[in-house]
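Student: In order, the protein sequence lines correspond to chains A and B. Residue numbers for the first sequence follow UniProt numbering, beginning at 1 and rising by one. Residue numbers for the second sequence follow UniProt numbering, beginning at 1 and rising by one.
In case anyone wonders, no lab produced these hints; they're calculated from the structure. Misleading hints may appear alongside valid ones.
If chains are identical, the list can't say which one is meant, so a pair holds when it fits in one copy or spans any two.
Listed next, the in silico DSSO-like pairs over lysine-lysine satisfying Cα-Cα at most 30 Å (straight line) [stated by the list, open to error]:
(1) Lys47 x Lys410
(2) Lys372 x Lys101
(3) Lys8 x Lys56
(4) Lys380 x Lys36
(5) Lys36 x Lys101
(6) Lys8 x Lys416
(7) Lys189 x Lys361
(8) Lys182 x Lys56
(9) Lys178 x Lys36
(10) Lys8 x Lys323
(11) Lys380 x Lys8
(12) Lys56 x Lys323
(13) Lys323 x Lys101
(14) Lys361 x Lys36
(15) Lys101 x Lys361
(16) Lys56 x Lys124
(17) Lys372 x Lys8
(18) Lys189 x Lys56
(19) Lys182 x Lys124
(20) Lys372 x Lys416
(21) Lys47 x Lys101
(22) Lys372 x Lys47
(23) Lys47 x Lys323
(24) Lys380 x Lys182
(25) Lys56 x Lys178
(26) Lys8 x Lys361
What you are looking at is a predicted structure, and each value in this text was computed from that prediction instead of being measured.
2 protein chains.
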Amino acid sequence: MTHPLLEKHRATLEGALSAIATRGYWSPYAEMPSPKLYGETAPQDGKRAFEAHLGKRFELEQPGQTGWHGGEVSPYGVALDVSYPVCEPEALIDAANAAAKSWQAVGADGRIGICLEILDRLNKQSFEIAHAVMMTSGQGWMMAFQAGGPHAQDRGLEAVTYAWREQSFVPTETTWEKPQGKNPALVMKKHYQIVGRGVGLVIGCGTFPTWNTYPGLFATLSTGNPVIVKAHSNAILPAAITVRTIRAVLAENGVDPNLVSLCVATQRTVTQALATHAAVKSIDFTGSNVFGQWLIENARQAQVYAELAGVNNIVIDSTDAYKAMLGNLAFTLSLFSGQMCTTTQVIVVPSGGIDTDEGHKTYDEFCADLAKAVERFLSKPEVAHAVLGAIQSADTVERIDIANSGALGKVVLASKALENPEFPAAKVRTPVLLACDAADEQAFMEERFGPISFIVKAADTAAAIALSERAVTVHGALTVGVYSTRREVIDAMTEATWRGKVALSINLTSGVFVNQSAAFSDYHGTGGNPAANASYSDSAFVANRFRVVQRRYHV
Amino acid sequence: MTHPLLEKHRATLEGALSAIATRGYWSPYAEMPSPKLYGETAPQDGKRAFEAHLGKRFELEQPGQTGWHGGEVSPYGVALDVSYPVCEPEALIDAANAAAKSWQAVGADGRIGICLEILDRLNKQSFEIAHAVMMTSGQGWMMAFQAGGPHAQDRGLEAVTYAWREQSFVPTETTWEKPQGKNPALVMKKHYQIVGRGVGLVIGCGTFPTWNTYPGLFATLSTGNPVIVKAHSNAILPAAITVRTIRAVLAENGVDPNLVSLCVATQRTVTQALATHAAVKSIDFTGSNVFGQWLIENARQAQVYAELAGVNNIVIDSTDAYKAMLGNLAFTLSLFSGQMCTTTQVIVVPSGGIDTDEGHKTYDEFCADLAKAVERFLSKPEVAHAVLGAIQSADTVERIDIANSGALGKVVLASKALENPEFPAAKVRTPVLLACDAADEQAFMEERFGPISFIVKAADTAAAIALSERAVTVHGALTVGVYSTRREVIDAMTEATWRGKVALSINLTSGVFVNQSAAFSDYHGTGGNPAANASYSDSAFVANRFRVVQRRYHV
Chain A
1 MTHPLLEKHR
11 ATLEGALSAI
21 ATRGYWSPYA
31 EMPSPKLYGE
41 TAPQDGKRAF
51 EAHLGKRFEL
61 EQPGQTGWHG
71 GEVSPYGVAL
81 DVSYPVCEPE
91 ALIDAANAAA
101 KSWQAVGADG
111 RIGICLEILD
121 RLNKQSFEIA
131 HAVMMTSGQG
141 WMMAFQAGGP
151 HAQDRGLEAV
161 TYAWREQSFV
171 PTETTWEKPQ
181 GKNPALVMKK
191 HYQIVGRGVG
201 LVIGCGTFPT
211 WNTYPGLFAT
221 LSTGNPVIVK
231 AHSNAILPAA
241 ITVRTIRAVL
251 AENGVDPNLV
261 SLCVATQRTV
271 TQALATHAAV
281 KSIDFTGSNV
291 FGQWLIENAR
301 QAQVYAELAG
311 VNNIVIDSTD
321 AYKAMLGNLA
331 FTLSLFSGQM
341 CTTTQVIVVP
351 SGGIDTDEGH
361 KTYDEFCADL
371 AKAVERFLSK
381 PEVAHAVLGA
391 IQSADTVERI
401 DIANSGALGK
411 VVLASKALEN
421 PEFPAAKVRT
431 PVLLACDAAD
441 EQAFMEERFG
451 PISFIVKAAD
461 TAAAIALSER
471 AVTVHGALTV
481 GVYSTRREVI
491 DAMTEATWRG
501 KVALSINLTS
511 GVFVNQSAAF
521 SDYHGTGGNP
531 AANASYSDSA
541 FVANRFRVVQ
551 RRYHV
Chain B
1 MTHPLLEKHR
11 ATLEGALSAI
21 ATRGYWSPYA
31 EMPSPKLYGE
41 TAPQDGKRAF
51 EAHLGKRFEL
61 EQPGQTGWHG
71 GEVSPYGVAL
81 DVSYPVCEPE
91 ALIDAANAAA
101 KSWQAVGADG
111 RIGICLEILD
121 RLNKQSFEIA
131 HAVMMTSGQG
141 WMMAFQAGGP
151 HAQDRGLEAV
161 TYAWREQSFV
171 PTETTWEKPQ
181 GKNPALVMKK
191 HYQIVGRGVG
201 LVIGCGTFPT
211 WNTYPGLFAT
221 LSTGNPVIVK
231 AHSNAILPAA
241 ITVRTIRAVL
251 AENGVDPNLV
261 SLCVATQRTV
271 TQALATHAAV
281 KSIDFTGSNV
291 FGQWLIENAR
301 QAQVYAELAG
311 VNNIVIDSTD
321 AYKAMLGNLA
331 FTLSLFSGQM
341 CTTTQVIVVP
351 SGGIDTDEGH
361 KTYDEFCADL
371 AKAVERFLSK
381 PEVAHAVLGA
391 IQSADTVERI
401 DIANSGALGK
411 VVLASKALEN
421 PEFPAAKVRT
431 PVLLACDAAD
441 EQAFMEERFG
451 PISFIVKAAD
461 TAAAIALSER
471 AVTVHGALTV
481 GVYSTRREVI
491 DAMTEATWRG
501 KVALSINLTS
511 GVFVNQSAAF
521 SDYHGTGGNP
531 AANASYSDSA
541 FVANRFRVVQ
551 RRYHV
C-alpha cells in the first residue's frame, strides 16, 4: 500500500524519474502565466492574494512567538509593510524535532506523496508567489513568474525525485539466508529504517527567494528531516507563503505542521546561533562568500550545501553568427540587471581580435559592437523594464557607480538609471561594460554582483582559455561559455571545463542563454569548484541527508 | 559498446546490483579456504607467494622513489623483513594526476569492468593475501582468509556496484527539445561527462588492512579518481600486494599504472602533508579519533570519509536462551581478541538482574556466568588460538594490563597470556571482563580497543537503553545489541537506535555475532553517529566522489 498522495501524483513522479534519467526537456508546471493554463481568474486571484498580505501580520501559528518583524523594502518602491512572526529558535527546533517522529513514520512513499502535493499547491499559487518574488527581489514580471513559480517548483520536484530514487533503493526488510554446507542455513530477518539526520536549516537569498530555496528545502524535507527556513531579510514574503502552504498540507495529512517553520531573524547573531546549534544537521545556503565560508568554518555539526560567489566567464574566439552572438550576450548581460549567480562577468577576447561572418573584428570593435548591442536591445523602455527589473540592494547600486566611474577599467558602456513609469520609485540600472587587460585581475577576478561585466583582452585564444580555467578553479563559476568556429578551440575549452568542473555553453546564438539552466536537464553548479559545493540536483545532493538504521534477528 | 571486461564480469555485476537492492545473502567470492573452491594447489601456491616476499624488496616501479622502508613487526613474532619503495609524495601526486586523464577516457563502464577484473585477480590471490594479513595484523588464519580475502573483496565489489549504479544514471548525452508554441522548438544537444574529483588518499589501519581499505579504495577508483594508498606502518604487505595487482591490471588495459600507488611514509608529517595537499580531494580513513579528527580539521580541501572509535554496547534485559546467549557473547568478546571496531565494549545489565529460561539471574550471577562462558569457550588451545589470533599493538597489551590491574573496575575475568605452540613469540591474550556501575563512566565511556569489556550495572532496563543511546550519540558506535523476551523492550531499543543511528542486533544466540557485518546486506556503520561519518556502502559513499560536467549547444 503506497500513500494515497503518491498515487495521486504518480504520473508526475514517473515523468520526473524519466526526465532525470534521460535529461531531455520536461516540466509538469506550465511556465507561461496564462489564464488558459492556470485558470481564467488565476491572474487576478493571485494578485489579490498577494495584495491581501500587504500591511498585515502574516500569521503562521508557530511556537515560541515573541513578536513580529517586517521591514522588507521593495526594489520597485512599493510599500509592503508585512510583518512576520519572530519565534524563539530553540522553540522552533524543539517543535521540529517533536514533529520529526511522525514524519519518519509516514515512510518514504508518504513523504514523497506529501511533497508532491505541496508542490502542486504551490504551483496553483504561482501568480501570488510571482508578485511576492517580483516585489521583494526586483525581478521583472515574467522572470518572477517563471523563476519564482514553475521553474522553482521544477527544481523542488527535481530534488524530491532524486530523494525518492535514492530512498526507494532501500528495502524495508529482507530475509538473509546463508548456506552452511550440510547444516541448516543461517536465517535472519533484517529491517532497514530510513531516518533523517535532523533539523535542516535552509537560508534563502534576496534575488531568488524561491528558486534557490526550494532545492534544499525539498531535498531536506523529502529525506525525512524537519526544516527551518531562514528567509533573506528583504525577501521574506515568498518564503512565508511557501511555509504556510507546506504547514497546511502537512496538517491535512496528519503530520505536525511544526515540521517546517519560518525563522525571521532580526539579527545576524540569531542566524549564527541557529546554524551552529547541535540539533541542526544540514544547512542549505545561497549567498555571499563571507557568510558561506563562516558557515563552513563554524557549523561543523552540520553538512553545508553552499552556493557562493564566482567569476562566470565566456571565451570568444570566433563566430559565424556575429549579430546573433552579440544579441545573445546583450540579453544575458541585461537579464535581471545581471543579478543572477549565473550571469557572465568576464568576456575574454584575444588581443588580435576575432574572425566573424562579418569579417575580422578587432578587440576594440568587439567592445563597441557589444556596447551597441546592449544599447539597442534596451532601447525600447517596455523591453528594458521587463528584462532589467530593478536593483535589489543598495550595495549593487554602489558597485555599479564604482564601475561607472572608471575605477575598475575603461568604460565601454556606462550604466544608466532608467525611470519606470509604472513604478516611479524603482531603482533601474542598465549594464555597465568595462574594457581591461588580462593583467588587471584585481578588477575582474572577484565577483562584482550586478550588471557589471569586463571585456578582458587576452594574448590569444589559448591564453583566454587558460584564464577562464584559472577563474573557475581559483574563484569558482557556475557557468562558462565559448564562441568558436574551430573544433580544436571547442575541444580545448571542453577539456578545461572538465578540469575546472564547470558547465559549458557553446555558441549560444538563439533563445537559450548561458545564465539559464533548465531543471531535469541542466545541472545547476557542478559542486566541484569554489562557486558551489553541491549541484541542483544529483544523487549527492540528497543521498547523505538520510541514513539507514538496520536491525536484525534470527527467525 | 561496453568495455570487454564489463562484459566478462557482467554476471557478477548483475548479481551485486540485485544484492544491494534486495540485501539478501550474496557473495561471488567463496569464503572457505578450500582447495575445492580455489584450486588444488591454491593453498600451497598462496603460502609460497607470501613467503617469496619475505626478506625482499617489494618492487612497484613507482615514480619519485628515494629509498626503501620496511619495519613491520609481526604480532606472531615471525620475521618479515620486507621493504617497500619510499616515493616523493609530490611525484606520486603528479603521476596520479597525469594518469587520471586516461582513466576518465575509459568511461564508467571501462572503469567498472577493470575494477571487477582487479577484484577477480585479488580473489585468486586470497591465500597469499590471507597470509600477509595474518602475519601483519595478528588475525587468526580463518579470519585472515575470510575478512582479509573474500569479505574484503565483497566490500570492494559493493562499493564498485554502488559506483556503477550512480554513474550509470548519468546519460552521456541527450537532445533537449523545448516547444515554443507555434515557433520552431528550441533544440540543444547536451553532453554529460563524469569527472573524478581528484586524487583520493586511502589510509589503512593495522588490524584490517584490506577489509577497511577496499571500500574507500574501490569507491574512489571506480568513480574516476586516482588513488594513493597509505598503508598502516605495520600492515604494508597486504596493501602492497593489492596495489601491485591493481597496477598490473591497469597496465594490461592501457591505463597508466601510476593511477594507483602505494605511499610508505616514514614519518607522520609525510602523511599529514599528503592529506592536506591541494590535489588530494578525498580521504578514506580508518583509525584513531586523534588522527581522524586531525584530518577532518585540517584536510579541508578534501572530503573525509572516516571510521573512528566508538563505544559499542549491548543491553541485556532478559532471554529465553541463556546458555546460547552467553556462548554468543563469549565468541564476540574473544574473536581476534576484541581488536575489531565492531566488538562490544559495554554490556549493560539492570541492577535487579535478568529473567532467563534458567531462572532469574542476579547481576553478579550474570557476570560470573559470562566469565565462565568465555573461559569455557577458550579452554581448548587450538580453538583459543584460532579465534584470538595475536595482539596487534603494544598499546593494546598495555591497555589489557591496566584493565587487569583493576584500575578500571572490578576484575570479573582477568586476561591471560597464552603460549601459541606454533608461534612461540606471538602475543596472545584472552579477554578481560570488568564489572562497574553506570556511574563509572570515566572507565567505560571511551573506546578501550582490544579484549576489554565492561559489564555495567544500570538502574533498570529503561536506564540501560538510555545509557546505550547516550553512548552512541555522544561517543559513537558501529554496533549495538539487545537481548530481551519483551516486545516493548525491543521496540524501545529499536527507537533508541533510530535516534542514535546505529545498527541493532536482537537476541543473537546462534552463528551470527554482533561484530560481524555481511557485505551487500548489512550496512557497516550508519554514517550518522560519531563512530563513522560514512557507511559501507550506500549511495552517499560514492555519489559525491565524482561530478558531472555538462556542455550544450544548439543543433
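Student: Work down the list of hints and note, for each, if the structure agrees.
Tutor: Verification of the hints:
no.: 1; hint: Lys47 x Lys410; in the structure: neither (44 Å within a copy, 75 Å between copies)
no.: 2; hint: Lys372 x Lys101; in the structure: neither (60 Å within a copy, 43 Å between copies)
no.: 3; hint: Lys8 x Lys56; in the structure: neither (35 Å within a copy, 69 Å between copies)
no.: 4; hint: Lys380 x Lys36; in the structure: within (28 Å within a copy, 85 Å between copies)
no.: 5; hint: Lys36 x Lys101; in the structure: neither (42 Å within a copy, 52 Å between copies)
no.: 6; hint: Lys8 x Lys416; in the structure: neither (51 Å within a copy, 66 Å between copies)
no.: 7; hint: Lys189 x Lys361; in the structure: between (73 Å within a copy, 29 Å between copies)
no.: 8; hint: Lys182 x Lys56; in the structure: neither (77 Å within a copy, 43 Å between copies)
no.: 9; hint: Lys178 x Lys36; in the structure: between (61 Å within a copy, 19 Å between copies)
no.: 10; hint: Lys8 x Lys323; in the structure: neither (49 Å within a copy, 53 Å between copies)
no.: 11; hint: Lys380 x Lys8; in the structure: neither (46 Å within a copy, 65 Å between copies)
no.: 12; hint: Lys56 x Lys323; in the structure: neither (50 Å within a copy, 71 Å between copies)
no.: 13; hint: Lys323 x Lys101; in the structure: neither (59 Å within a copy, 37 Å between copies)
no.: 14; hint: Lys361 x Lys36; in the structure: neither (47 Å within a copy, 77 Å between copies)
no.: 15; hint: Lys101 x Lys361; in the structure: neither (65 Å within a copy, 36 Å between copies)
no.: 16; hint: Lys56 x Lys124; in the structure: within (22 Å within a copy, 74 Å between copies)
no.: 17; hint: Lys372 x Lys8; in the structure: neither (52 Å within a copy, 61 Å between copies)
no.: 18; hint: Lys189 x Lys56; in the structure: neither (56 Å within a copy, 49 Å between copies)
no.: 19; hint: Lys182 x Lys124; in the structure: between (64 Å within a copy, 25 Å between copies)
no.: 20; hint: Lys372 x Lys416; in the structure: within (14 Å within a copy, 89 Å between copies)
no.: 21; hint: Lys47 x Lys101; in the structure: neither (38 Å within a copy, 55 Å between copies)
no.: 22; hint: Lys372 x Lys47; in the structure: neither (37 Å within a copy, 79 Å between copies)
no.: 23; hint: Lys47 x Lys323; in the structure: neither (39 Å within a copy, 74 Å between copies)
no.: 24; hint: Lys380 x Lys182; in the structure: between (87 Å within a copy, 25 Å between copies)
no.: 25; hint: Lys56 x Lys178; in the structure: neither (66 Å within a copy, 41 Å between copies)
no.: 26; hint: Lys8 x Lys361; in the structure: neither (58 Å within a copy, 56 Å between copies)
In summary, the numbered hints that this structure violates are 1, 2, 3, 5, 6, 8, 10, 11, 12, 13, 14, 15, 17, 18, 21, 22, 23, 25 and 26.
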